[in-house]
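A.B. asks: Each chain, letter by letter, is given below.
Protein chains: 4
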Amino acid sequence: MDLEKFKKFINTNDRFAASNGMSVIEVRPGIAKASLTVCENHLNGVNIIQGGALFTLADLAFAAASNAHGLVAVGLTATISFFKPGLTGDILTAEAKEVNLTARTACYNVDITNNSGVLIAQFNGIAYRKKESIDEKF
Amino acid sequence: MDLEKFKKFINTNDRFAASNGMSVIEVRPGIAKASLTVCENHLNGVNIIQGGALFTLADLAFAAASNAHGLVAVGLTATISFFKPGLTGDILTAEAKEVNLTARTACYNVDITNNSGVLIAQFNGIAYRKKESIDEKF
Amino acid sequence: MDLEKFKKFINTNDRFAASNGMSVIEVRPGIAKASLTVCENHLNGVNIIQGGALFTLADLAFAAASNAHGLVAVGLTATISFFKPGLTGDILTAEAKEVNLTARTACYNVDITNNSGVLIAQFNGIAYRKKESIDEKF
Amino acid sequence: MDLEKFKKFINTNDRFAASNGMSVIEVRPGIAKASLTVCENHLNGVNIIQGGALFTLADLAFAAASNAHGLVAVGLTATISFFKPGLTGDILTAEAKEVNLTARTACYNVDITNNSGVLIAQFNGIAYRKKESIDEKF
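Protein chains in written order, with our numbering: chain A, 262 to 399; chain B, 262 to 399; chain C, 262 to 399; chain D, 262 to 399.
Given that identical chains are not distinguished, each listed pair holds provided it fits within a single copy or across any two copies.
Here are the simulated DSS-like pairs of lysine-lysine, each with C-alpha atoms no more than 30 angstroms apart in a straight line:
| hint | residue 1 | residue 2 |
| --- | --- | --- |
| 1 | Lys398 | Lys268 |
| 2 | Lys358 | Lys294 |
| 3 | Lys391 | Lys294 |
| 4 | Lys266 | Lys358 |
The hints are simulated quantities; they were obtained by calculation from the structure and are not laboratory data.
From just these sequences and the hints, can you work out the full model?
C.D. replies: What follows is the structure in structure tokens.
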């Protein structure tokens, strides 16, 4: 699979991530990084980044890492824990790492850190791997 | 606490939810509903609603239900499981129900259903309840 | 599948559950109940039931409900939240209900209540369904 | 706090862990290791270690690491994902590491590996830290 083309595909076609300013910046099979600069549109009622924005950033990295093996991988379940607030102007990076891979399932840990290296949140996702190829989609 | 004013506050100030077309439509202490009509901007690379959009909708209902007691409640951790795809045009409702409440913590189940009554996803969130009042914020 | 025989099989062969006083008392495809009377051996350092004992009881109901369809179902991931303490002498019931079923995966909610009807803990488990039949095992 | 005395306390008083052959082998504030040699009593119906036994081992390490700061810490919620089967004779080690600590809450990752260094399962737990001291208990 052409990973550069796959990165472009995901950054164009994941419209929820794209329209909220998030993009995949690095991807290999089982590993990916996604990035976001926090702006006012990402905030919740108490002026910190909304949990859903953090989840979306982590989910983008999870989707990139899990689909980069070549099979369509869909999320079954994910857990996120929130540690420190993300604030306007923060550059957040979500880094997904595969911790288990079987024929049909896979598990990923995603750390979200800010540009000072502080751990903002942790995400863990389980993917189901279909039999169809992702590169038929682009 | 004036719940009508609180609903208006959350719908205006949760800018991530608002800018993505989501709003709280009902809120009482421990209970809330939030709604979203899925459009193209909510989709992922395989043309179904992105997991982060579903999470955000559930998180909005969770935030409304948990803060409606009057104390500022922040999410510690949440788990979401994905069952059926949400598609363009679907009207999704996230309904949060409190399953446990202590002085400092609380737990909520959130069901996301579509306008045919199909269960799309389930979310479970744990909140930490601070000592400050939410109505000082508005 | 002979569900009475399956119940006997699980109650005999799940040696971790059996040796800790837990048993399946009811099982149908997608639904199961398991029971435990809390005694001293289930307690932790602060004299309430250990989280692992609650998890095991829920996991037993989850295993029964998910395998009762006839295919071997194995747990991929599970989340448990703890609400109220379980105490010596409490009769705890874990009731598993299927919330989603696909060809290869399934999701179950399990409520653990005591004999006064108080919700002690909630468990959510995701199973992967293999192609082999469970009744070849007994 | 006398950590040697605390370790002895937890190994004696967590009767569910002790009666199932599990013990804390190392503990410092925020960090702990617990160990188990898998025997027949830990198995489930398909002859691998029961998920509840793995959860209990991880929960023991989580309890040790979180209480070692000196305040009573209780589990609010935990998630465990299962990767590889644990088999009779395996020596399993659960290693808990703190990833976040606030005045009233804390978060821990626990890796369970076997004696060949294979990752068997991953656990993530959130604790609520009470105001009472754990060393008043022993």
